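First to last, the sequence lines map onto chains A and B.
The opening position of the first sequence corresponds to residue 21 in our numbering, with each subsequent residue numbered one higher.
The opening position of the second sequence corresponds to residue 73 in our numbering, with each subsequent residue numbered one higher.
Note that these hints are calculated values from the structure, not bench results.
Here the structure is a predicted model, which is why all the values come from computation and not from measurement.
One thing to keep in mind: the hints can contain errors.
Between beta-carbon pairs, the in silico distance windows are [to be verified]: (1) A:A101 with B:K286: 38 to 44 Å; (2) A:P196 with B:I283: 40 to 46 Å; (3) A:H42 with B:R137: 46 to 52 Å; (4) A:Q163 with B:L142: 46 to 52 Å; (5) B:F131 with A:S60: 42 to 48 Å; (6) B:K121 with A:E39: 37 to 43 Å; (7) A:S224 with B:R208: 41 to 47 Å.
We put the CB at the ideal spot given by N, CA and C, even for glycine.
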Amino acid sequence: MADEMLRLEGVRKTFGGAEVLHGIDLTVRRGEVVAILGPSGSGKTTLLRCANFLERADAGVLELGGERYDLARATKREMAAVRRRTAFVFQNYNLFRNRTVLGNVTEGLVVARKMPKAQAEDIARRCLARVGMADRADAYPAQLSGGQQQRVAIARAMATDPEIIYFDEPTSALDPELTVEVLGSMRQLAEDGMTMLVVTHEMSFAKNVADRVVFMEDGAVVASAPAHEFFDHPANDRVRTFLNTIADR
Amino acid sequence: MSDRVAEILLDSFSKILIPGLTATIPLALISFAIALVIAIAVALVQYAKVPVLTQIARFYIWIVRGTPLLVQLYVVFYGLPDFGIVLDPFPTAIIVFSINTGAYSAETIRGALESVPAGQLEAGYCVGMSYMQIMRRILLPQALRAAFPPLSNELIALVKDTSLAANITVLEMLMATQQIVSRTYEALPLYLEVAAIYLLFSTVLTWLQGIGEKRLASFGMERG
Numbered sequence: 021m022a023d024e025m026l027r028l029e030g031v032r033k034t035f036g037g038a039e040v041l042h043g044i045d046l047t048v049r050r051g052e053v054v055a056i057l058g059p060s061g062s063g064k065t066t067l068l069r070c071a072n073f074l075e076r077a078d079a080g081v082l083e084l085g086g087e088r089y090d091l092a093r094a095t096k097r098e099m100a101a102v103r104r105r106t107a108f109v110f111q112n113y114n115l116f117r118n119r120t121v122l123g124n125v126t127e128g129l130v131v132a133r134k135m136p137k138a139q140a141e142d143i144a145r146r147c148l149a150r151v152g153m154a155d156r157a158d159a160y161p162a163q164l165s166g167g168q169q170q171r172v173a174i175a176r177a178m179a180t181d182p183e184i185i186y187f188d189e190p191t192s193a194l195d196p197e198l199t200v201e202v203l204g205s206m207r208q209l210a211e212d213g214m215t216m217l218v219v220t221h222e223m224s225f226a227k228n229v230a231d232r233v234v235f236m237e238d239g240a241v242v243a244s245a246p247a248h249e250f251f252d253h254p255a256n257d258r259v260r261t262f263l264n265t266i267a268d269r
Numbered sequence: 073m074s075d076r077v078a079e080i081l082l083d084s085f086s087k088i089l090i091p092g093l094t095a096t097i098p099l100a101l102i103s104f105a106i107a108l109v110i111a112i113a114v115a116l117v118q119y120a121k122v123p124v125l126t127q128i129a130r131f132y133i134w135i136v137r138g139t140p141l142l143v144q145l146y147v148v149f150y151g152l153p154d155f156g157i158v159l160d161p162f163p164t165a166i167i168v169f170s171i172n173t174g175a176y177s178a179e180t181i182r183g184a185l186e187s188v189p190a191g192q193l194e195a196g197y198c199v200g201m202s203y204m205q206i207m208r209r210i211l212l213p214q215a216l217r218a219a220f221p222p223l224s225n226e227l228i229a230l231v232k233d234t235s236l237a238a239n240i241t242v243l244e245m246l247m248a249t250q251q252i253v254s255r256t257y258e259a260l261p262l263y264l265e266v267a268a269i270y271l272l273f274s275t276v277l278t279w280l281q282g283i284g285e286k287r288l289a290s291f292g293m294e295r296g
């Protein structure tokens with residue numbers, strides 16, 4: 021399909037003899053926001069990490085913008101190529117602790133993409149402005165709140181103009197108020213047409229921002245549906261049980 | 073204190089201090105600089121788990137940490153001539169101190185590298201950087217910052233350990249003191265005097281360490 025941005029096929033991963041991903045298939049279209057929901061330990065984060073080679077899958081294929089990569093056997097060069105075309109936002113931000121806010125955003129441009137510093141800083145300042153962090157450009161990560169750090173991480177992800185951004189539970193480490201500001205930045209990114217694959221526990225985000233919801237359990241995709249349909253007409257009992265549990269909280 | 077002792081102390085002060093400035097300090101600083109290069113290389117090899125080189129690194133650390141520094145000095149200075157390798161005392165001391173401090177500092181730096189969260193490396197990969205770029209620009213600077221206090225310790229220890237070089241005829245502070253003692257027989261005041269000069273050197277280094285730590289703290293990173 022022409023508008024396919026990302027396709028994962030048959031992703032398998034075993035940790036210490038236990039298979040945590042049983043051959044996952046997943047597709048994300050260009051400009052689509054896909055939320056991956058599911059209970060803890062269902063393999064959501066592992067899937068995301070395999071898609072960016074942070075974990076080495078035992079089997080599976082990644083197709084990114086029409087180019088195919090073997091997840092189990094990709095070379096260093098191929099892994100670097102995939103990573104330059106994607107971006108990753110971590111649960112605990114992982115900002116470079118020895119770089120300022122500005123330096124965090126320019127690092128990937130200047131070092132990995134050999135962009136002139138002035139041009140990189142221009143882009144960085146624009147991205148920081150979009151997440152409301154332009155005035156803290158000279159601060160170090162340790163001087164920022166969790167929410168601020170995560171917004172900088174989002175700016176860092178945007179700056180490299182990726183074809184898709186992976187989000188790994190981006191708000192799980194945050195207080196409710198701080199969650200709101202991060203989700204705001206993500207919503208804006210979605211409205212700008214960014215392709216996003218988001219592992220999350222935020223039902224409101226999945227419901228209101230995501231185009232499609234993928235539900236995972238025990239290393240398998242149990243349901244995949246447009247967001248409104250997923251919530252309004254649960255595909256099966258397992259999804260219904262999950263939604264009820266969430267609703268009871 | 074008798075006038076005679078006071079006079080000896082006064083007279084000997086510059087005779088001890090000058091070898092301190094021309095031998096003890098250069099010996100310590102040059103050795104420490106070389107030791108740091110060795111230590112970073114040995115730490116990186118182990119951190120990256122490079123096969124064979126890691127085993128060589130562990131062997132090196134095992135030997136150096138498991139044998140006395142004085143014995144190492146003797147082996148190189150009195151032992152190597154049997155193989156036709158004859159070195160002057162000062163270069164011998166530099167080589168042995170570098171290798172010795174390099175082994176200890178390698179463990180310090182390796183520990184500091186391993187204390188940098190794995191997420192820093194992952195974040196570097198995800199913005200497209202190579203392992204070497206991440207190591208040089210992200211991991212190593214953070215590790216060296218964490219290693220700064222223990223490395224300062226090692227430098228101060230090295231300044232005092234240079235006194236062992238007197239045993240292989242390097243004319244440093246302790247040797248200079250011993251020569252004066254053998255002439256004047258005033259052991260206690262003179263050894264206390266040289267001790268005070270070592271203390272002075274260590275105090276200056278401790279003070280410099282404080283300044284260095286303040287500088288590094290201005291990166292706004294949490295201490296620890």
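Would you say the C-beta atoms of Q163 of chain A and L142 of chain B sit inside 46 to 52 Å of each other?
-> Holds, since Q163 of chain A and L142 of chain B (Cβ atoms, about 48 Å apart) stay within the stated range.
Does the Cβ distance between S224 of chain A and R208 of chain B fall inside 41 to 47 Å?
-> Given a distance of about 42 Å, which is inside 41 to 47 Å, the answer is holds.
Does the Cβ distance between A101 of chain A and K286 of chain B fall inside 38 to 44 Å?
-> With a Cβ separation near 43 Å, A101 of chain A and K286 of chain B satisfy 38 to 44 Å, so the hint holds.
Is the distance from the Cβ of H42 of chain A to the Cβ of R137 of chain B consistent with 46 to 52 Å?
-> holds, 49 Å
Distance restraint hint 40 to 46 Å, applied to the beta-carbon atoms of P196 of chain A and I283 of chain B = At 43 Å between Cβs, range holds.
Please test the hint of 42 to 48 Å on the beta carbon pair from F131 of chain B and S60 of chain A.
-> holds, 44 Å
Kindly confirm whether 37 to 43 Å is satisfied by the beta carbon distance between K121 of chain B and E39 of chain A.
-> violated, 26 Å
The structure does not agree with numbered hint 6 stated previously, though it agrees with all others.
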